[in-house]
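Engineer: Read off the chains here:
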Amino acid sequence: MAEKQPDNSDATTQRLQPFVVVGAIVLLASLVVDEVFGHQGFFGFDGFAGFYALFGLLAGLVIIALAKGIGAALKRPDTYYDD
Amino acid sequence: MTASLPVPPGLVLIVAGLMLPALPPRARRAVMLAAPLLALALVWLVPDGPALSLPFLGYHLSLCDGTAAGRLFGTVFAIMAFGGALYALGQTNVVELTAAFFYAGSALGVAFAGDLITVFVFWELMAIASTVVVWSAGPQAAGAGMRYASVHLLGGVLLMAGIAGHIVATGSTTFTAMHTDSLAHWLMIAGFLVNTGAPPVSAWLPDAYPRASYSGTVFLSAYTTKTAVYALLVGFPGAEVLIVVGLYMVFYGIFYGVLENDIRRILSYSLVNQVGFMVTAIGIGTPMALNGAAAHAFTHIIYKALLLMAAGSVMAMTGRSKCSELGGLFRSMPVTAITGIIGGLSISAVPLTSGFISKAMIGEGAAEAHMAIVWLLVTAGAVGVFIDIGLKWPWYIFFAKDSGLKVGDPPLAMRAGMTLFAFLCIAIGLFPGALYALLPFPVDYTPYTVGHVATMLQLLLAGGVAFVLVLPLLKRTATVTLDTDWLWRTGGPALAGALTTGAIRARTALAVRIRSGADRLVRTIYRHHGPGGILAASWPTGRMAFWATLLLAAYLVLYYFG
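Residue numbers (this note's numbering), protein chains in the order written: chain A, 47 to 129; chain B, 42 to 603.
In short, the hints are calculated from the structure, not lab data.
Because the structure is a prediction, the values reported are computed rather than measured.
For each residue, glycine too, the CB sits at the ideal point set by N, CA and C.
Some clues are possibly wrong.
Said to hold, decoys possible - Here are the computed lysine-lysine pairs in the DSS-like style, where the Cα-Cα straight-line distance is at most 25 Å: (1) A/114 <-> B/516; (2) B/516 <-> B/447; (3) B/363 <-> B/442; (4) A/121 <-> B/447; (5) B/442 <-> A/114; (6) B/442 <-> A/121; (7) A/114 <-> B/447; (8) A/121 <-> B/516; (9) B/516 <-> B/363; (10) B/363 <-> B/447; (11) B/442 <-> B/516.
What the hints assert, rightly or not - Simulated DEER-style distance windows between Cβ atoms: (12) B/215 <-> A/68: 47 to 55 Å; (13) A/67 <-> B/534: 50 to 58 Å; (14) A/119 <-> B/82: 50 to 58 Å; (15) B/223 <-> A/127: 38 to 46 Å; (16) B/443 <-> A/96: 36 to 44 Å.
Start from the sequences and build out the full structure, keeping to the hints where you can.
Structural biologist: Rendered as structure tokens:
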């Protein structure tokens, strides 16, 4: 049951491909629907079609960046605690 | 016709739990499945208002008080007990099963408690029973179980002090809505928050829960935190401090979850994150937000248990629990993978799943209350959850690299537990009306509008784009991320050790100084008063006469001139 081989980026890209294709199609469709059906926001700043896509992308990148920052300061080997 | 006394639903699970060790395996399994169903039926037989009262030290314990919120939480607690028991049918550790049933019954006891003393009693019984569930996993859980018990001891002390202060000030033991207007109420809210996994002691949860057995963690994920959510919902709706605390929990869970490698610890951090959404909603305090908190607690119990069932299955079948040692299990564990992914989609609030119809109400609650920053943070939190649990978690377990592990799905009972909860996630997502009808306030909300579905998909998939863009940066590492529990696991003991060493050194130095001082004193006395000392020697008669005459003369002179 040992690991066969280390991961490599080509295999990862290949495995990701179907998810990325489906995700991209649904994302584009949701943008079209948002535009066609007339986007409505709660506060004004969110009142344009595509707001959620933009916000989702930015939020995702900021969250990962902040997590990496915290990790740089606080990550330790998983043998750090002996219990 | 005389009305019969209602049976507290929790009592059924407690009695069933105590019976389990005495039963042969076949009967034990039957009781494990029948007792939660009986409890569920009893939940719906509890009438509105206090129905069972016992005198206690001059007060009345209200053991069976029917409310909409209590019935909602009671329902999902009983469903959870059934699903957890089904998943755990193969568990041979009867101590764990007994403790788990006692724990679930105590949580039901809180849900139907009409007074604060009853709340406290069941609160403490939950703490004891859940500690036993953690310890049941064996020696590797001993330290974590002790830390878990210590933190809950602290929470219990805070809660008891608060309750005592409240009773002294008001003379009432009724468990009803309060405000953060006195020290007693602050102590109570702090006691409740400890059990939600709130800061600064959030670390107790990801420390202890992943140490329990494959089935124990499933039970643990449901009761302690959601009973605390129930207590806050009833006791402190609209307390603004909860918004700040809840949002901290939302992002704490995401950041630490993104960094974590252990598949059950990732879900534990995510548990804090999800409870954070509920705590935030309770702090907003409008009927929409409170309904959102209650609905999210209901859906969350089911999808979080499902995720932990899937993680437990992976752990039980592969013997591994680290993302860095897993991957590619989709083909060999298809049931686990599909049900786990359904759990991941539900927690991410993807349309057609249970999380979508509950989390939407929390966002709507913030928007209705015109809390733009809270709404933005809650919405960003939804993106974080999708990246952490909707994508990263299943990716590294079921896809990503081929770890070479060739194992099958777990035994039938475990598959049945996962399938049941996956079915509920989809059913609640497709037909939210049944859940909405149980909520504490009347619901006038339609989650499935074209606009809402489209914008939610946009939000999540754009977050997915961010995930794909930075995937190489998310490579799993065999690490832990330091948390506040460092203070009591490493920092505190190190400080205590340093203080002990310092105290020993200071005491030794002081003893040396005292001893040398005493030696000098003894030597001086000996020199002056010893056999050769000047003060101890016998003086000649002539010298004595001389000094006596001199002193007399001096006296005469002084007398004469005085």
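Engineer: When you check the alpha-carbon spacing of residue 363 of chain B and residue 447 of chain B, does it fall within 25 Å?
Structural biologist: Between residue 363 of chain B and residue 447 of chain B the Cα gap is close to 16 Å, so the pair holds against 25 Å.
Engineer: Kindly confirm whether 50 to 58 Å is satisfied by the beta carbon distance between residue 119 of chain A and residue 82 of chain B.
Structural biologist: 52 Å, holds
Engineer: Does the structure keep residue 121 of chain A and residue 516 of chain B at a Cα separation of 25 Å or less?
Structural biologist: 14 Å, holds
Engineer: Honestly, do residue 215 of chain B and residue 68 of chain A meet the 47 to 55 Å range at C-beta?
Structural biologist: 54 Å, holds
Engineer: Can you confirm whether the C-alpha distance between residue 114 of chain A and residue 516 of chain B stays at or below 25 Å?
Structural biologist: 11 Å, holds
Engineer: Regarding the pair residue 442 of chain B and residue 114 of chain A, is the alpha-carbon distance no greater than 25 Å?
Structural biologist: Distance ~22 Å between residue 442 of chain B and residue 114 of chain A Cα, so the pair holds.
Engineer: Regarding residue 67 of chain A and residue 534 of chain B, is the given constraint of 50 to 58 Å on their beta-carbon distance met?
Structural biologist: 53 Å, holds
Engineer: At the C-beta level, are residue 223 of chain B and residue 127 of chain A separated by a distance inside 38 to 46 Å?
Structural biologist: The hinted range 38 to 46 Å holds for residue 223 of chain B and residue 127 of chain A, with Cβ atoms some 39 Å apart.
Engineer: Would you say the C-beta atoms of residue 443 of chain B and residue 96 of chain A sit inside 36 to 44 Å of each other?
Structural biologist: 38 Å, holds
Engineer: For the pair supplied as a hint, residue 442 of chain B and residue 121 of chain A, confirm whether the alpha-carbon distance does not exceed 25 Å.
Structural biologist: The given pair, whose Cα atoms are some 23 Å apart, holds under the 25 Å limit.
Engineer: Against the 25 Å threshold, does the CA-CA distance of residue 516 of chain B and residue 447 of chain B hold or violate the hint?
Structural biologist: Roughly 23 Å separates the two Cα atoms, so the pair holds.
Engineer: For the pair we were handed, residue 121 of chain A and residue 447 of chain B, check the Cα-Cα distance against 25 Å.
Structural biologist: 31 Å, violated
Comparing the model with each numbered hint stated earlier shows that hints 4 and 7 do not hold.
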